[in-house]
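Engineer: Just so you know, we're using the numbering used here here: the sequence shown kicks off at 53 and counts up by one.
Source of the hints: derived by calculation from the structure; they are not laboratory data. Ideal placement from N, C-alpha and C gives every residue a C-beta, glycine not left out. Any given hint could be a false lead.
Unchecked claim - DSSO-like mimics (lysine-lysine), calculated; alpha carbons at most 30 angstroms apart, straight line: (1) LYS171 to LYS127; (2) LYS158 to LYS127; (3) LYS158 to LYS174; (4) LYS127 to LYS167; (5) LYS127 to LYS174; (6) LYS169 to LYS158; (7) LYS85 to LYS174; (8) LYS167 to LYS68; (9) LYS167 to LYS101; (10) LYS68 to LYS85; (11) LYS174 to LYS101; (12) LYS158 to LYS101; (13) LYS68 to LYS101; (14) LYS101 to LYS169; (15) LYS85 to LYS167; (16) LYS101 to LYS85; (17) LYS158 to LYS68; (18) LYS68 to LYS93; (19) LYS169 to LYS85; (20) LYS174 to LYS93; (21) LYS171 to LYS158; (22) LYS127 to LYS93.
Claimed, not checked - Here are the in silico distance ranges between beta carbons for each label pair: (23) SER98 to VAL78: 18 to 28 angstroms; (24) SER76 to GLU139: 36 to 46 angstroms; (25) VAL72 to GLU139: 12 to 22 angstroms; (26) ALA132 to LEU96: 15 to 25 angstroms; (27) ASP185 to PRO77: 35 to 45 angstroms; (28) LEU176 to LEU66: 16 to 26 angstroms; (29) LYS171 to VAL102: 40 to 50 angstroms; (30) ASN181 to ASN141: 13 to 23 angstroms; (31) LYS101 to TYR81: 35 to 45 angstroms; (32) VAL64 to ILE84: 32 to 42 angstroms; (33) ASP113 to VAL64: 38 to 48 angstroms; (34) HIS83 to ASP185: 16 to 26 angstroms; (35) ILE156 to GLU135: 28 to 38 angstroms; (36) GLY56 to SER130: 38 to 48 angstroms.
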Amino acid sequence: NANGIGLAGNQVGLDKQIFVIDVSPVEDYEHIKPIVMINPKIVLQSDEKVVIEEGCLSLPDVRVDVERSESIRVKYLSPAEQEEELEANDLFARVILHEYDHLIGKMIPDRIAEKEKNKIFKLLTQIENREIDCDYPITELEA
């Protein structure tokens with residue numbers, strides 16, 4: 053029931069360095085097939101930064117502007133345990149960086165200024181206290 057385009061293992065209680073991304077439902081990204089990345093490592097991030105609104109399945113109803121690199125290079129293992137390297141730009145790069153953040157213990161609030169955090173503080177508190185209605189289960193997040 054969630055309209056996400058990426059999901060990290062730890063978002064569903066899996067203690068593994070893995071995420072899946074499917075940007076194909078997004079206009080202009082239909083040609084990109086769903087991808088699973090195991091043990092990903094971001095090896096290059098462009099100096100060019102772009103600020104775009106992001107949401108997260110772990111933080112229902114939270115949407116804030118997040119600054120991220122416009123392009124990246126990532127190394128990872130495929131499900132067939134083949135070493136792969138991929139260059140990604142724009143939305144595809146952003147989603148990879150977002151999911152990678154989950155694997156290193158970061159979430160959207162860690163990427164925004166205090167002023168912006170203050171704007172969403174009430175909503176974050178409601179999520180933490182399980183006071184938000186959501187069409188999908190939200191797993192406990194450990195620090």
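Engineer: Hint compliance check: list the failing hint numbers for this structure, sorted ascending.
Structural biologist: 1, 4, 5, 7, 8, 15, 19, 20, 24, 27, 29, 30, 31, 32, 33, 34, 35 and 36
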